[in-house]
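I would like the entire structure built from these sequences, with the hints used as guidance.
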Amino acid sequence: MNKIEQIYNRISKNTDTFLGYPLAKDFSYKEFAPFLDLCINNVGDPESDSTLAIDTKDIEKECISFFADILSSNVKETWGYVTNGGTEGNLYGLYLARENFPDAVVYYSESTHYSVKKNLHLLNIKNIVVRSQDNGEMDYDDLEQILMLRRDKPAIFFLNIGTTMTEAVDKLDEIKRIIKKYAVKDYYIHCDAAFLGTIAPFVTPKPKFDFSEGVDSIAISGHKFIGGPIPCGIVMAKRKHRDRIANSVSYVGTFDTTITGSRNGLTPLFLWSFIQKHGKEGLARRVKESQELAGYLENELNNIGIKAWRNKEALTVVLEKPSDEICKKYQLASEEDIAHVICVPGIKKEQLNVFLEDLKKELADNLCALV
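Here numbering that gives the first Met the number 0 is used: position 349 in the sequence shown is 348, and no number is missing along the way.
These are calculated hints, taken from the structure and not from any lab test. Here the structure is a predicted model, which is why all the values come from computation and not from measurement. Any given hint could be a false lead.
Here are the simulated SDA-like pairs of lysine to any residue, each with C-alpha atoms no more than 20 angstroms apart in a straight line [what the hints assert, rightly or not]:
hint, residue 1, residue 2
1, K360, N301
2, K239, G213
3, K359, Y295
4, K207, K287
5, K60, Q275
6, K60, E297
7, K24, E288
8, K184, E98
9, K29, I3
10, K237, G213
11, K287, E297
12, K311, K276
13, K306, L362
14, K348, D15
15, K348, I325
16, K287, L351
17, K328, Y20
18, K276, D15
19, K279, N352
20, K117, E143
21, K24, K117
22, K179, K207
23, K311, G294
24, K327, T16
25, K306, N134
26, K311, D138
27, K207, L148
28, K347, F26
29, K125, P101
30, K207, D172
31, K287, K306
32, K180, E143
33, K328, K360
34, K207, K306
35, K24, D48
36, K311, L282
This is the structure in structure tokens:
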């Protein structure tokens with residue numbers, strides 16, 4: 000067996016067993032294999048042609064139109080592009096916010112993804128961490144106390160639409176209430192919907208996070224709930240914010256409006272393929288099936304004596320942290336005394352049952368050790 004086969008077999012085996020990360024497994028993009036023998040480069044703005052004509056920008060624009068629709072907008076009012084993932088989408092949203100309000104302070108909760116602190120450092124934006132509630136949601140009382148002293152300063156609110164560990168959703172209505180209470184005049188709202196961006200539009204009641212609610216930008220991951228072999232994402236923003244930072248670049252004959260110059264031309268094909276095959280109806284079915292699976296796991300864990308819970312209709316089931324052996328076997332993400340299982344498409348009930356049996360055995364062994 001050669002080195003490449005070994006690497007493939009290792010990744011394939013580990014893909015079958017992981018339960019702790021939000022990466023859908025039920026995809027196949029073999030039809031796009033011939034593109035691996037081509038140079039593909041979506042350089043610059045997706046709406047602007049380049050002198051380098053080896054792109055998939057036409058497909059990218061169709062993807063953007065789909066996401067604008069599920070986020071309660073349209074491509075006349077909002078603009079976006081296919082990113083390398085949620086971190087780039089958040090970086091872009093914060094970049095637009097800074098360009099609007101250079102002296103603003105960013106408010107974000109302690110449950111926010113670790114990459115955001117790095118993004119804030121790169122952009123050199125003042126920021127304050129807000130406490131989180133036990134379920135991972137922002138502590139609005141703490142935010143209010145902090146903002147009370149800075150009501151005259153421009154504010155950037157970074158909201159989590161599904162936190163990393165517990166899938167908690169920061170309430171936009173509470174943020175708006177605080178903005179109104181302290182008469183904050185200049186503000187920008189960015190939503191990190193990396194995991195829930197393709198789920199929340201199909202949940203009842205739908206969390207408030209999209210453009211119909213007045214947010215300024217939204218970041219979504221494409222390789223998480225949709226699934227794909229290459230990390231990718233979508234960032235959407237009000238068109239007026241994009242126009243503020245657009246520059247023409249003569250070298251490539253296009254506008255420079257994105258974080259990176261050269262951009263991946265394969266990932267728009269993957270996203271487009273999923274949209275064509277599944278559409279909004281297919282996404283809604285995936286959400287329902289995943290919610291049912293998460294509900295099943297939550298109930299079964301509690302039935303065998305392991306405390307488990309989830310935020311309302313979440314796909315993330317939080318449980319007491321098992322042994323290091325089980326965490327390693329199932330690649331469970333953990334934090335302090337908790338771990339989680341994320342019931343994404345591609346995970347089957349049979350796999351969860353094997354996981355439950357391993358937990359039962361561990362409980363029994365621990366009981367025997369105490370006797």
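### Query
Quick one, are K360 and N301 close enough, alpha carbons at most 20 angstroms?
Roughly 15 angstroms between the alpha carbons, so the hint for K360 and N301 holds.
#### Entry: Pairwise hint evaluation, Y20 against K328, where the allowed Cα distance is 20 angstroms at most
With Cα atoms ~13 angstroms apart, K328 and Y20 stay inside 20 angstroms; holds.
### Task
With a cut-off of 20 angstroms on the C-alpha distance, tell me whether K184 and E98 pass.
holds, 16 angstroms
### Given pair status - E288, K24, alpha carbons within 20 angstroms
Judged against 20 angstroms, a Cα distance of about 14 angstroms means the pair holds.
### Query
Is the hinted pair K237 and G213 satisfied, with a Cα-Cα distance of at most 20 angstroms?
At roughly 9 angstroms apart (the allowed maximum being 20 angstroms), G213 and K237 satisfy the hint.
### Task
Assess, step by step, whether the Cα of K328 is no farther than 20 angstroms from the Cα of K360, and give holds or violated.
holds, 14 angstroms
### Message
So if I understand the rule, the pair passes when the alpha-carbon distance is 20 angstroms or less; does K287 with K306 pass?
### Response
violated, 24 angstroms
### Query
Does the alpha-carbon distance linking K359 and Y295 stay inside the 20 angstroms limit?
With Cα atoms ~16 angstroms apart, K359 and Y295 stay inside 20 angstroms; holds.
### Task
Compare the distance between the alpha carbons of K306 and L362 with 20 angstroms, and conclude whether the hinted pair is satisfied.
The hint holds at about 13 angstroms.
### Query
Given the proposed pairing of K279 with N352, does the C-alpha separation stay at or below 20 angstroms?
Distance ~30 angstroms between K279 and N352 Cα, so the pair is violated.
### Query
Within a Cα-Cα threshold of 20 angstroms, do K117 and E143 meet the stated pairing?
Not satisfied, since the Cα-Cα distance of roughly 25 angstroms exceeds 20 angstroms.
### Query
Holds or violated: K29 with I3, Cα cutoff 20 angstroms?
Given that 20 angstroms is the threshold and the Cα spacing comes to 18 angstroms, the pair holds.
Hints 6, 12, 18, 19, 20, 21, 27, 31, 34, 35 from the list above are not met by this structure, while the remaining hints are.
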